[in-house]
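Student: Same order as they appear, the protein sequences are chains A and B.
Everything in the first sequence is counted per the numbering used here, starting at 1 for the first residue and increasing by one.
Everything in the second sequence is counted per the numbering used here, starting at 1 for the first residue and increasing by one.
Honestly, the hints are just simulated from the structure, not real lab data.
Mixed in with the good hints, there may be bad ones.
[What the hints assert, rightly or not] Covered by chain A, according to a simulated footprint, are these stretches of chain B (three or more residues, beta-carbon under 8 Å):
no. : stretch
1   : 128 to 140
2   : 367 to 376
3   : 422 to 431
[To be verified] Result set (DSS-like, lysine-lysine): computed pairs, CA atoms no more than 30 Å apart in a straight line:
no. : chain 1 : residue 1 : chain 2 : residue 2
4   : A       : K170      : B       : K415
5   : B       : K382      : A       : K80
6   : A       : K283      : B       : K219
7   : B       : K61       : A       : K245
8   : B       : K61       : A       : K283
9   : B       : K426      : A       : K283
10  : B       : K415      : B       : K382
11  : A       : K170      : B       : K323
12  : B       : K124      : A       : K283
C-beta atoms are modelled at their ideal positions from N, C-alpha and C, and glycine is treated no differently.
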Amino acid sequence: MNFMHHGNPSTTDRLQSPLVCSSGLSRHPLIGLTSLLTVAVVGIGLVAAEPGRAASLDEGVEHYRAYLIADVDRTLTSAKRLRDSAAAGDLAGAKQAWIEARIGWERSEVFTTGFVPELDRDIDAWPNGVVGFHAIEARLFGANQTGFANEVNGLLLRLAELSTTVRDIKLTAQGLLNGVVRLAYEVGESKVDGGESRVSGTSLNDMRNNVDGIELAYRTIFASEVDARDRQLGAGLQRSIDELKTMVDRPDLRHVDPDQLRAATEELVLKLQSAASLLQLEKPTLEASAR
Amino acid sequence: MRRGTICAIILLLLSALLHDANAFPLSSGDHTVLPPGTELNEESLDRPREVFRSEAVGGAKSYLVNLGDLAFNSNDILGDPARRAGMSCGTCHVNGAGNGRLYVPGMSTRPGNFDTTGPLFNPKAHNGARDPVRIPSLRGARFLAPYGNDGRTSSLRDFVRNVIVNEFAGPEPSPAILDALVAYIEDIDFLPNLNLATGGRLTARAGAAARRGEVLFSKPFPQDPQLSCAACHIRSSGFVDHRQHSVGSGGLFKTPTLLNANFNAPYFHDGRYDSYDQVVAHFDRAFELGLSLQDRADLVAYLAAIGDGLQPYERDGVTAQLKEINDFASVLNIAIPADDTAVIALAVHTVGRELRELVEQFPSLKDTTVEGGSAERLNARKELKNLVLMVRRIGVAAAAGHFDEAAAEYQNYRKLTFAAVPIVLKTAEPWSLFNPAVHNAHFAELRQLLQSAQKLPR
């Protein structure tokens, strides 16, 4: 995998990231604990008062929004650095910035596909050599060019719009659970063709960031509520997520077993669907409805 | 499933594995070229038509045949390098036919051949020589013993086992799976050929040139009157004699059938010739036949007449795909009540994988090359993904010993795939990659993206 050429950015970035879930919640015990306590207390209160959907999910959703905003903003910042590096003809710097911009983006896919499909399409179009991340990727990593000012400006416009949108769009637990389920399924898709970011060789980074995004949303919004209602299912879900994290924590894509990965993602989806009925949410379908 | 396209994808992967550990499959270095033989074209929408003997005689494929077809198209029975690349027997023998387009860099010297003793799939079988062999069609294989280009193995079962275990480093297949694979292969018939009558003679449908060729075909070779084309390619016997001969191609090789051979190029054991012209010229040269240009043309016309087949290709689409997947899944009718966890696991693995591939024929909204049909596409994707999950649920239940639960879920699956899902998919088909216009637009865009990755190399 040629992302090794770029100093294994995924590892570096994960260590630097304040918000990566796997390390994030444990790295910031106060934030994590506070939110978990809040969720637990509110959850218990509501379960006692009104069996059914707990307001704690809605609180979790707002906690998640803070992480989402941070991820999107970080992507925007990296994309600006991509623009500046490219303008300065700094090929290595531009590549690094592109890779970093993908981190927050891929983590946010829990949200983007379902809530803002049009932005999703413009930012992450495939296969399209004109707009979005992958148009830039082809020129930057394939042709070693930095002449993509129009493309990067277009990307920045859409990311800025996304950054505004995530601050005030109405988020729902149902919508985000749908997003978690859909992204989990997607992680299990075949990458035998090199995957989404095949030109830069960073498809495995995308997958790791997807899994981080899944864990972030699940733990922030749903985990404590699931644990409170069905400890066994909660433990099973966390085990599935941990298993996925281990599977994608490999030096390169060729070391990821595609069949095991597919099975693991599908089993995770089944458990998430069980969790939906436990939380009295609708069973998530695997595609959004067309608008 | 979509094997033409899938093949191209596999080749990309394999080329990366072989040539440049850092290229996957395009690198930021110098190796940014698609390997030769990679097909992203509309013709990959055509797939060889598969004729089953059991169906041709008015019956239905047995459980054994369906299980064999399932195993044949499962990457799970091969060794790790092939499995991870998503390869199955069906990658090379598409619908039981050959695959003249398959090209694996380092393992092929031209599209349509493949080195079964190369380094990639089983280092233990690597012989250090670049000696690829043609990928044969399996149509009519039950009439064509012995097996292998050199006819080294008399039993099809032994041959199949050798392919799995030694050529592709797969785990030892169970006797039941081997039996099923043999049953499947032996059920694949030749395509009917209206040019041929009883005993392999030409019918009135064949033209004058083919008739002249038929006479030449039986004419004794001038330098060795005991020989003729027909002496080895025995007309009444599937155009084979079940024996090996030296024909000036570097050793002893078994007589290949000429039935349906129009669709089996390239020719000779190593696939060195693209056309009948070249084949006839070879024999003219090697056996000093002294053929005139007219003779050669007549022989070629004869080969084309006897090598023909009715409807050799069919357009890939929702109906063909669903039928195949349902045939695979049908083994669960017997495997679940029998608590046959091995077969259930194989079916879950393979059917789930095929369904996932079928999802990708309906482009998501991120695919900017497709206009319209958003609701239809999303609906198709949603229903198919739902089936993927149902299949997984069957697997999870069976693995936990809950066979009743698995049976109930399979009934749900069958209900959906009987009517509801086909309707949803047919509705979305105009916006799917099965539509040549959509297919071409999608792959043109992909090609353009990859080309923009190749401008101005460092």
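Student: Is it true that the CA of K283 (chain A) sits at most 30 Å from the CA of K219 (chain B)?
Tutor: Status violated; Cα separation ~74 Å.
Student: Run the distance test for K124 (chain B) versus K283 (chain A): straight-line Cα separation, threshold 30 Å.
Tutor: With Cα atoms ~50 Å apart, K124 (chain B) and K283 (chain A) exceed 30 Å; violated.
Student: Count the residues of the stretch 367 to 376 of chain B with a beta-carbon closer than 8 Å to any beta-carbon of chain A: does the count reach three?
Tutor: holds (count 5)
Student: Establish whether the coverage given for the stretch 422 to 431 of chain B by chain A is satisfied; the threshold is a Cβ-Cβ distance below 8 Å, and no fewer than three residues must meet it.
Tutor: The restraint on the stretch 422 to 431 of chain B is violated, since only 0 of its residues have a Cβ under 8 Å from chain A and three are required.
Student: With a cut-off of 30 Å on the C-alpha distance, tell me whether K61 (chain B) and K245 (chain A) pass.
Tutor: violated, 43 Å
Student: Tell me if the straight-line CA distance from K170 (chain A) to K415 (chain B) falls inside 30 Å.
Tutor: violated, 38 Å
Student: If you count the residues of the stretch 128 to 140 of chain B with a beta-carbon closer than 8 Å to a beta-carbon of chain A, do you get 3 or more?
Tutor: violated (count 0)
Student: Given the hint that K426 (chain B) pairs with K283 (chain A), test it: the Cα-Cα distance must not exceed 30 Å.
Tutor: holds, 25 Å
Student: Compare the distance between the alpha carbons of K170 (chain A) and K323 (chain B) with 30 Å, and conclude whether the hinted pair is satisfied.
Tutor: violated, 43 Å
Student: CA of K382 (chain B) to CA of K80 (chain A), is that 30 Å or under?
Tutor: violated, 36 Å
Student: Given the proposed pairing of K61 (chain B) with K283 (chain A), does the C-alpha separation stay at or below 30 Å?
Tutor: violated, 37 Å
Student: Holds or violated: are the alpha carbons of K415 (chain B) and K382 (chain B) at most 30 Å from each other?
Tutor: holds, 16 Å
Checked against the numbered hints given earlier, this structure breaks hints 1, 3, 4, 5, 6, 7, 8, 11 and 12; the rest are met.
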